[in-house]
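Line order of the protein sequences matches chains H and C.
To convert a position in the first sequence, counted from 1, into my numbering, add 1218.
To convert a position in the second sequence, counted from 1, into my numbering, add 1.
Treat each hint with caution, since some may be false.
Example chain C residues on the side facing chain H (calculated, C-beta under 8 angstroms, incomplete) [claimed, not checked]:
id : residue
1  : V114
2  : R117
3  : P139
Calculated from the model, a selection of chain H residues having no Cβ within reach of chain C, i.e. all distances over 12 angstroms [as the list claims (entries may be wrong)]:
id : residue
4  : L1237
5  : G1242
6  : D1268
7  : A1275
8  : Q1298
9  : E1310
10 : A1333
11 : A1336
12 : D1367
13 : P1375
14 : L1377
15 : S1408
16 : E1411
17 : I1413
18 : V1414
19 : R1415
Since the hints were made in silico from the structure, they are not lab data.
C-beta: ideal position from N, C-alpha, C; glycine also.
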Amino acid sequence: MASELAFSLRIAGRLELALTLPPGMSVLVGPSGAGKSTCLLALAGLIRPDAGEIVLAGRTLFGPGIDEPPWRRRVALVFQNLALFPHMTALENVRFGIREPKVDARDWLARMRVAHVAERRPATLSGGEAQRVALARALASSPALLLLDEPFSALDPALRAELAAEVRAVVAQLAIPAILVTHHREDAQSLGERIVRLRDGALER
Amino acid sequence: MNWSPIWLSLEVAFSATLLAGVVGVALAAWLSRARFWGRELIDVLITAPMVVPPTVLGYVLLRMLGRGSTLGRGFEALTGGSIAFSRTGAIVAASVAALPFVLKNARVAFEDVDARLIAAAHTLGAGPVRTFFRIRLPVARAGVAAGLALGFARSLGEFGITLMLAGNLPGRTQTGALAVYDAVQAGRDDDARGMALLMTALAIAILYVVNKLTARKAHGF
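Bound conformation, chain C alone:
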């Protein structure tokens, strides 16, 4: 079995979780406290990838970030590389897929933090940044970690957006999910089976960890 698609999947999923983690946690923290018109619109736009067909999303991203787009050209001018049909594209695709999971879970976790803890921290001299790192994030850590784990699992299994934005280039953008598809198409059943088993086992292991993180202790008498 060719292991490189699995390694690429892991590499992409780690980078995407990092990117979606920073953006998603920051947005969740902000949305959970801010009161302004359009707050839910931002949430909806970021959560949309959960329900919009991945190919549609991939198409939109390709138009937004492809070589013909302003953003794509800007990125190329800055870095010398392109987003579309590159490893960067695979990471962007996986990040977009992971972001809703991070945002939704982290937002619920932040909203669950007792407002009086935050108020108490403020009256004890802690400004918003210190209060975030010392109080809000530690108190919400289980929900945030669950969001990150789910986001990682989602980016590990990403297929449609990646195919549209990054393509299916063996050794460059062919992740595990794409390699399974490729192996089936080419009649390499052993390869497909091996990778499918491995990726299923990984996904189940991650979900188990998420359950452990989010389980509330049962109250006895």
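One chain only, chain H, in its complex shape:
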């Protein structure tokens, strides 16, 4: 499939796995220290694997002689702490990542149901609102791959399920692969279409 993600990654002592993921939400589940976040950071280009290959929608991001910097990968990453820019309003945060002129930041805020906080700074947002702004910001950047590093972990289970379902629907509509990392085994089933279990930096058999 054209927009799938295929990768193999080796980071000495931390991670060794190979996966092919079609569009839609995949859930990467495993205990702390299993290498889940390391895997996302490597896919985003924020840490350099010792060896491997990352091919996204037919484009090689990493491989022999190739190492695209994170700003050219079109891989959006939502951090656990969300990393909203504190000196910008919610709207400015979303605008920051827009690559294509036809994309409207306000539309994405509305789509994530936080249009009413557009002019507010992150420090004044509730946990749920901040999560939605961070998701809107990532999605507005027209990513070819969306990575979510436990972004819902601070929310109560009901809100977590609600937001996860919304993101899952958007990802399905955009037809891009997405990886959601969680250590909540019980959540994994409801969060995505397929589950990948990781333990000690490798796939769990």
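Guided by the hints, dock chain C onto chain H, whose structure is given.
Then chain C, alone, in the frame of chain H:
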């Protein structure tokens, strides 16, 4: 009271802060992220003017930039003027004195910026330059501004390096600090007192601004 040394001090301090600001902020931004051998050595060399006697520093600069030096001759060939015993020399002296204050404060401020903000900016398509101007500098602005203010205050009060490199030429390189010394030597006590009061007031005002910039909000319940 002769105001020209005060004006010259302000003029030199503004130019020096600009020069030290550009160099110091750029270096701080680089040192706070780069990982290489010798990183701390660069920091130490630039911070040294905080502890090396100003006259020693002035002497070194005079040997490096004076008319007999390669750099000094190069500068003269390019501009027609000399660094030593000129207003340019006073600005260089004040810049060297201000640089450590800018570098130290800005580096701490840049190191305090959450690495995830920088990473997030990168994944949103911003390269290092855009990330610097849109994220790192605005988030670190209070610390950077404090460094600039302290650097300005330090260059305003510069004495030893200026005396060695630029001399004490009334109307040309005699800054406020040098003029106070001159006035005391010449027994012009009224002049010395007036300038001393004014420069002290300026320094205290700047420190007050620095405190305001760096004060963290107290957390209540």
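Status of each hint after checking the structure:
1. V114: Nearest chain H Cβ about 10 angstroms off; hint violated.
2. R117: holds, 4 angstroms
3. P139: holds, 5 angstroms
4. L1237: About 20 angstroms separates L1237/H from the closest Cβ of chain C, which puts it past 12 angstroms; holds.
5. G1242: holds, 20 angstroms
6. D1268: holds, 17 angstroms
7. A1275: Holds, since 16 angstroms exceeds 12 angstroms.
8. Q1298: The claim is violated: Q1298/H sits with its nearest Cβ about 9 angstroms from chain C, within 12 angstroms.
9. E1310: For E1310/H, whose nearest Cβ neighbour in chain C is about 10 angstroms away, the distance does not exceed 12 angstroms, so it is violated.
10. A1333: holds, 20 angstroms
11. A1336: holds, 18 angstroms
12. D1367: violated, 10 angstroms
13. P1375: holds, 25 angstroms
14. L1377: Non-interface label stands for L1377/H: nearest chain C Cβ at 22 angstroms, farther than 12 angstroms.
15. S1408: At about 26 angstroms from chain C, S1408/H clears the 12 angstroms cut-off, so the statement holds.
16. E1411: holds, 23 angstroms
17. I1413: holds, 24 angstroms
18. V1414: holds, 21 angstroms
19. R1415: Non-interface label stands for R1415/H: nearest chain C Cβ at 25 angstroms, farther than 12 angstroms.
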